[in-house]
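Trainee: Residue-level listing of the chains:
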Amino acid sequence: MISLHHITKYFNPGKANEICALQDISLEIQKGEFAVIVGANGSGKTTLLNIIEGAEKPSSGTVEIRGQDVTPLPEYKRSRWVARVFQNPNNGTAPDLTILDNFRLAALRTRGKNIRIGIDALFRKKVREKISTLGMGLEEKTDQPMGSLSGGQRQALTLLMSTMDETDILLLDEPTAALDPKSALVVMNLADKLNKEHGITTLLITHNLKDALQNGSRLIQLQEGKILRDLNTENKNRLSLPDIYQWFE
Amino acid sequence: MSQFFLTAVQLSICLGPMALGIFITMKVFNIPDITTDGSYTLGAVVTAVLLSNHWPALAVLPVCLLAGCLAGICTGLIHTKLKIDALLAGILVMTGLYSVNLIILGRSNVPLINLKNIFSVFSIFNEELYNQLFVAFIIIIVLAFLMRYLLLTDFGIAMRATGNNPAMTKSMGINNDLIKITGLAMANALTALSGYLVAQYQGFADINMGIGIVITGLGSVLIADALRLWLNVTKIGWQILLVLAGSLLFQMVLAFTLSMGIDPNFLKLVTALFVLLIVALPRMSGRLSGGLPKNNKI
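Protein chains in written order, with numbering that gives the first Met the number 0: chain Y, 0 to 248; chain X, 0 to 297.
In short, the hints are calculated from the structure, not lab data.
Simulated pairs of lysine-lysine, PhoX-like, Cα-Cα distance not exceeding 20 Å: (1) Y:Lys-235 x Y:Lys-30; (2) Y:Lys-235 x Y:Lys-209; (3) Y:Lys-56 x X:Lys-82; (4) Y:Lys-76 x X:Lys-80; (5) Y:Lys-140 x X:Lys-234; (6) X:Lys-80 x Y:Lys-56; (7) Y:Lys-209 x Y:Lys-192; (8) Y:Lys-129 x Y:Lys-192; (9) Y:Lys-235 x Y:Lys-195; (10) Y:Lys-181 x Y:Lys-192; (11) Y:Lys-125 x Y:Lys-140; (12) Y:Lys-225 x Y:Lys-56.
Could you put the whole structure together from the sequences, leaning on the hints where they help?
Mentor: Below, the structure written as structure tokens:
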């Protein structure tokens with residue numbers, strides 16, 4: 000699904016404050032895989048996600064999605080395959096627009112936004128049914144502005160919005176870092192469910208090592224812009240929490 | 000006396016499209032665009048030249064809208080492609096337009112007396128002022144409904160989201176640059192429409208008629224915003240109506256000021272002070288009751 004070939008990323012190249020965020024990274028993520036990426040701050044996790052999504056261009060190397068070289072494509076063109084949930088719950092939704100408006104945009108992620116009224120009774124029903132699966136009671140609030148909801152509610156809805164249209168790849172950048180434990184659990188369970196039920200290829204960045212252990216089918220550790228460890232499902236399942244803690248000592 | 004205020008009503012309707020344009024840039028897209036001064040005059044001078052050449056008023060309308068569009072596209076391209084601050088991009092285009100307008104008009108003032116105009120195309124009432132009011136009213140109502148429709152469409156949602164959270168819209172497959180350019184083109188086409196209406200209403204086009212006009216539109220939108228927060232309005236249609244009400248209130252205050260016998264030379268000063276008052280009032284009342292109301296940035 001995703002192939003990275005010899006990706007290197009420099010920030011401020013040639014200047015005194017040059018930083019090498021990623022060094023010659025090659026990585027294959029299979030369709031339906033749920034890869035969890037861990038690593039200390041500055042190890043290049045977010046840069047890696049940015050490069051897959053198109054928010055950053057690699058200094059060298061190529062990015063392939065579904066076998067197609069997408070390296071030159073800007074972010075808004077890659078959005079037909081890639082959906083993303085940010086660490087900050089405010090980033091993934093438009094606060095002044097209603098929940099329904101936000102879902103309408105998400106439903107058109109891979110298509111044109113035409114001059115026609117797209118929010119009809121059928122669409123309302125579809126969104127309400129989808130939101131009711133969260134069990135948060137938000138299906139009664141679809142006409143409220145997104146900004147009136149809590150961070151946990153917004154993050155859960157952002158994740159749900161990614162399934163409104165065809166999605167091949169879901170990028171989760173510390174989606175639960177700003178949430179309370181209960182909301183965090185709802186969001187992680189939802190991510191797991193989307194991966195299993197819809198077969199969406201998922202990449203999760205997390206600092207929560209318990210989450211890293213409990214979720215996903217593959218575990219990757221980055222250090223100083225390189226892949227230090229890459230564990231498949233079998234090896235990951237043999238792991239215990241103290242093992243991972245040791246990686247960071 | 001009533002004639003006096005009817006004139007203010009008429010002017011507020013003619014300036015309504017511009018207020019809606021500023022609503023698009025300032026409230027929907029969150030871009031401070033002041034190309035307005037130039038594109039307003041542009042609409043007026045195009046109207047004057049074409050009407051003087053005996054074009055029918057209805058045929059002049061699309062040319063005016065197109066001219067406004069082009070002005071907006073210039074500002075949009077400078078802002079998005081060259082990454083220049085929107086305020087500066089607007090000032091640059093506005094300044095350039097002054098010369099363009101002068102070239103189009105040929106001289107600094109062209110009278111349009113005794114020419115057939117949009118208000119004389121339809122004659123329903125015998126009284127000229129009522130007829131003008133009626134025609135302008137129909138135009139603004141149609142415009143308000145079109146605008147409400149547009150903002151409720153999928154494209155409209157994309158427009159509103161771009162101003163609200165540009166990082167999110169990029170990940171929703173929206174080309175932020177393109178949609179901003181489209182928005183600026185629309186806003187300036189609306190502004191040119193105001194120039195088109197006012198030139199025909201007052202019976203002349205003047206090269207300096209646009210100076211400071213942006214503040215009138217800005218004032219209308221600010222009044223609308225104050226009313227929106229006060230009345231807790233969220234529906235798009237009502238917001239559009241409030242902008243038009245803001246335009247009316249604005250012209251009423253100016254008419255009232257003039258009727259008190261204030262020297263017309265002070266009109267711009269009064270306008271500026273009035274807008275300052277609108278902006279300052281919610282802040283001052285907020286300070287008194289402890290805390291600022293939400294979303295009152297300008």
